[in-house]
Amino acid sequence: MRLIVNKIFLVLSVFSALIGLAFLAWILTTLFIKGLNSFHFALFLNDLVEGGLRNLIVGQMILAGLASLIGIPLGMAAGIYIQEYGRGKYADTIRDLSDIMMSAPSIVIGAFVYALVVVPTGGTSGFAGAIALAIMMLPVVINTTDNMLALVPRELREAGIALGASKYKVIVDIVIKAAKVGIMTGILLAFARIIGETAPLLFTSETSNYFSLDLTESFPSLTVSIYDLANEPEESSRDLAWAASFILTVLVLIINLSGRFITRNKK
Amino acid sequence: MPILNIKKFSFTYPGVDYPSLKNINLPIRRNKITALIGPSGCGKSTLLRSMNRIHDLYPGNKYEGKIEFTDDANNSSNILDIKKENEFIELRQKIGMIFQKPTPFPMSIFDNVAYGLKIAGIKNKTELADRVETALKGSALWSEVHDRLGKSAMGLSGGQQQRLCIARAVAVKPEVLLFDEPTSALDPISTGAIEELIVELKKDVSIAIVTHNMQQASRISDYTAFMYLGDLVEYDKTENIFLNPKEKQTEDYITGRFG
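Protein chains in written order, with my numbering: chain A, 809 to 1075; chain B, 8 to 266.
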């Protein structure tokens, strides 16, 4: 009897796994077929006004890059604070807040930045978009920094202190180095998280059809343009949206895989 | 004059209303090895960790009494009076510590040994290289690692890592070394090598060692202190403690009747 229950359970779980995987494969193959059909190397050379994606890809990278410049140092500093310096209720509150932020809907963060930055500065801008993405990034960076530092054995910190190093030196020279691989993986995952975000940018940076490096104006964004293009009636626009989705997916996949690669090789 | 003289010393951990160490009086003698033995929870590690104030990494501890430190230049001070960051750094450069688990830093073998030297302000490359070599030779590790000083210290075996930690502590020329069960995570051969090394080191430094292993205490130490439940029960020359203990508790412990 137990053997039969065992078998039934096995079959059921394999079946469920297959359903899940099938949908994933379906999405990916559709994306790859439709994307590759409309994919052309010239997409990288022309801007959206000329039917290409160059300005959008560059713009998305700049937004994500700027967000990382804000989000990574801030998040790491907060993570270091709660793990190494903070004690008791105060640190726990920050930790809880960060956990809540992790699950905050991205559109809410977009709305928050709209009210806080876009309205006072009088319009959408690349800066506002980068700030929204940085806020998306923060909880992931805080969380991984916190968790990875917690894995560093207490004795290692004590050994540094016992040699006469100050607490700050021990953290910078020893503890962060020991947790480096884990923190780097977290940063990559945070980057992968924001590079594909649309909602936080929708009414903060919007998007632009032209090539631009001016962060005080509406800024070209791949994800927001996919959203716009997919809503256009013309077939050509929707094809372009497929190509853009394909490029974005490959980009996120590469970042995710390199994150895994680093973890596997350095551990 | 003992290098460390612990007088009427009591210690209380934060959030605990009774002291973990009560009225301890114990000398750590110059160029001798003093072993601290006793069953788990007797406070021997707590006492050792008071001597370099490593407890202060976690706030809220309460010290009472005195730990007088008379350094080689014959300056006396009370370790428990230290409050300033730079005084702590100075103290810990004079009183080094080796831990139970080997604690190599995630950097090269060379940088591990040079770490304390750099903190002490030595920047000259030749001097650094010389001191690192001397320290590694002094901890019997040089022949095994001289051709891979730039490699990560994490690749060494457990016993080698522990000798590296000793080299790292010795490099800054401390006057006292505190060993907190330095061999309990090692195999018998590595343990033998570390014990030989500790005996070798007492030419230059004074040593206090916490050990669970009574044979180890009797093999290497000159003086032994037996502790039980936060009290120092008996302190004497090692042979007296093991052959002719005065207290019944000591006798029961060393003959294996409890603990």
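The set of hints was computed from the structure by calculation and includes no laboratory data.
Fair warning: this is a prediction, and the values are worked out from it, not measured in the lab.
Glycine is no exception: its CB is placed at the ideal position from the N, C-alpha and C atoms.
One or more of the hints may lead you astray.
[To be verified] Capping the alpha-carbon separation at 27 Å, the derived lysine-lysine pairs in BS3-like fashion look like this:
#, chain 1, residue 1, chain 2, residue 2
1, B, Lys39, A, Lys977
2, B, Lys255, A, Lys985
3, B, Lys158, A, Lys988
4, A, Lys977, B, Lys210
[Said to hold, decoys possible] Covered stretches of chain A, going by a simulated chain B footprint (3 or more residues, C-beta under 8 Å):
#, region
5, 901–907
6, 952–966
7, 969–975
- request: Taking the numbered hints from earlier one at a time, note which ones the structure violates and give those numbers from smallest to largest.
  value: 1, 2, 4 and 5
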